[in-house]
Amino acid sequence: DAGVIQSPRHEVTEMGQEVTLRCKPISGHNSLFWYRQTMMRGLELLIYFNNNVPIDDSGMPEDRFSAKMPNASFSTLKIQPSEPRDSAVYFCASTLLQGWTEAFFGQGTRLTVV
Amino acid sequence: DQQVKQNSPSLSVQEGRISILNCDYTNSMFDYFLWYKKYPAEGPTFLISISSIKDKNEDGRFTVFLNKSAKHLSLHIVPSQPGDSAVYFCAAMIYNQGGKLIFGQGTELSVKP
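If you read the protein sequences in the order shown, they are chains A and B. Counted from 1, the first sequence has number 64 at position 64 by this note's numbering; the numbering is strictly sequential. Counted from 1, the second sequence has number 65 at position 65 by this note's numbering; the numbering is strictly sequential.
It should be emphasised that the hints constitute simulated quantities derived from the structure, not laboratory data. Just to be clear, a hint being listed does not mean it is correct.
To be verified - Pairs of lysine to any residue residues, derived as SDA-like cross-links and limited to a Cα-Cα distance of at most 20 Å, are as follows:
1. B:Lys100 to A:Pro54
2. B:Lys37 to A:Met39
3. B:Lys37 to A:Thr101
4. B:Lys37 to A:Thr38
What the hints assert, rightly or not - Here are some, though not all, of the chain A residues that point toward chain B, as calculated from beta-carbon distances under 7 Å:
5. Ser31
6. Glu102
7. Ala103
Even glycine gets a Cβ: it sits at the ideal position worked out from N, Cα and C.
Between the sequences and the hints, there should be enough to build the whole structure, so can you do that?
Right under this line is the structure:
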């Protein structure tokens with residue numbers, strides 16, 4: 001398996017623009033997580049899905065952030081409108097809900113909002 | 001509120017010596033703990049874990065210790081190698097909450113030859 005695949009790897013956008021980050025989890029995994037890495041808070045959980053259903057979005061910082069998982073093999077994290085303080089590395093991770101094993105992370109998307 | 005805290009942003013050790021990375025947590029409901037390792041421009045990768053029913057778990061050069069009464073865990077690397085230089089994240093979870101991992105801020109370990 002290719003692991004968790006995120007795209008794009010890097011994104012530079014202007015303030016006010018819409019940004020969409022994409023994630024393909026490991027095939028067969030039924031839990032998916034979006035994290036944001038910052039210096040101050042480390043890896044901050046934004047939202048997670050079980051069986052494509054959002055379970056906890058309490059980490060989503062503002063209404064400008066939204067996430068979807070239309071099927072078991074794809075998820076998006078959207079920021080609209082983007083702001084400079086959203087600049088960070090965003091990670092997607094997946095795991096098995098039953099018989100839990102460790103979460104596997106993608107390589108991340110480095111977002112820069114100028 | 002930060003439920004998992006790593007108070008040392010960085011640590012530097014000499015090759016061959018012991019590296020000790022520390023982590024504190026506040027939520028007594030956490031019952032499973034993990035350490036992840038992260039190299040630049042890569043995603044975090046799982047290193048070692050421990051259940052709350054244990055106080056020690058060992059895997060080669062890596063040992064994790066858990067002190068539930070103090071809500072503290074530590075990762076020991078012996079002997080440290082230059083390839084161990086990375087950011088180490090401590091994470092905690094409640095096992096039946098669908099894999100929801102809460103991470104600390106990370107500690108950057110530098111192992112000098």
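Hints, one by one, checked against the model:
1. B:Lys100 to A:Pro54: holds, 12 Å
2. B:Lys37 to A:Met39: Roughly 16 Å between the alpha carbons, so the hint for Lys37 of chain B and Met39 of chain A holds.
3. B:Lys37 to A:Thr101: holds, 16 Å
4. B:Lys37 to A:Thr38: holds, 16 Å
5. Ser31: Result: holds, 5 Å to nearest chain B Cβ.
6. Glu102: holds, 4 Å
7. Ala103: holds, 6 Å
The earlier numbered hints are all upheld by this structure, with none contradicted.
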